[in-house]
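When you get a sec, could you build the whole thing from the sequences and use the hints?
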Amino acid sequence: MTFSDWIAEPVNWAFLAMAIPMVVAALRVVTSRNVVHAALFLVLALAASAGLFILLSAEFVAWVLVLVYIGAVVVLFLFGIMITRAPIGRETNLSHDTRWPAAAAALGVFAVTFWLINGVTQQIGGFGDPLPAVGRATPTGILGEGFINRYLIPFEAVGFVLLAALIGGITLARKDLTPAEEEEGARV
Amino acid sequence: MVLTQFLILGALLFSIGVYGLLSRRNAVTVLLAVELMLAAVNINLIAFEAFWNTAAAHGQIFAIFVITIAAAEVGIGLAIILMVFRNRASGNIDELDLMRW
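Sequence lines, in order, name chains A and B. Position one of the first sequence corresponds to residue 1 (my numbering), numbered consecutively onward. Position one of the second sequence corresponds to residue 1 (my numbering), numbered consecutively onward.
Think of the hints as simulated: they come from the structure by calculation, not from any bench. Each hint can be trusted.
A few chain B residues facing chain A, derived, Cβ under 7 Å:
| # | residue |
| --- | --- |
| 1 | 13 |
| 2 | 24 |
| 3 | 39 |
| 4 | 43 |
| 5 | 67 |
Backbone N, C-alpha and C fix where the C-beta goes; we use that ideal spot for every residue, glycine too.
Printed below as a string of structure tokens:
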């Protein structure tokens with residue numbers, strides 16, 4: 001498939017309309033000098049990836065992403081930024097001073113992944129064919145059946161992990177009272 | 001749409017996350033970079049699911065597991081950052097060098 005064939009498909013314009021803002025937002029997440037802006041750019045990147053999931057006919061996952069990430073995780077981040085008094089507003093030392101090793105490592109990761117994608121494409125083939133699932137919505141019932149049949153034990157394990165994270169988060173974040181304060185609390 | 005375009009997008013996003021992970025000093029922004037990397041992994045999972053088109057949608061189930069674990073990770077991570085901030089009055093990870101040689 002040549003590039004002119006690829007770009008002639010309207011669905012690829014939708015892909016580009018989401019992928020380009022996504023990459024730009026991701027770059028701003030890691031370079032922004034303002035923590036709050038970085039968190040809000042993460043919202044943009046995740047919203048774009050939810051859009052891509054809808055293009056790939058994974059509607060349920062897209063809305064889970066919107067609910068869990070944009071609804072909960074980013075709010076948690078914003079609270080975390082406020083509570084840790086991470087520098088709100090423009091801040092110059094949010095990143096290390098020498099950043100070229102990080103850039104080199106990132107470029108290396110991209111180069112290796114690109115090389116792997118190239119190699120696997122030639123090995124397996126069919127990567128350039130139209131995706132079969134596109135345009136056919138996945139019934140959410142299939143996912144539910146997967147969760148209570150084949151993936152029941154991982155599902156329970158993930159539930160346990162969430163419980164542990166909840167308890168751990170509360171235990172870590174609560175302030176230990178001094179004995180005098182505890183007595184005060186017991187009387188009230 | 002073909003599979004390769006999603007794989008390259010995922011690789012790009014993951015590399016941006018690696019850059020953020022290594023170049024950021026502030027612990028909250030490091031966690032933001034980790035979230036980007038997890039989002040890249042999710043794109044790969046969903047794209048491969050659309051490619052293989054399994055009857056039981058295994059890729060989507062794994063993506064939901066990744067989202068759940070990421071949520072737990074953020075909760076614990078921010079609680080740890082809060083602890084560190086309370087004890088050291090700083091949110092910069094390069095100042096946490098107690099275990100450094």
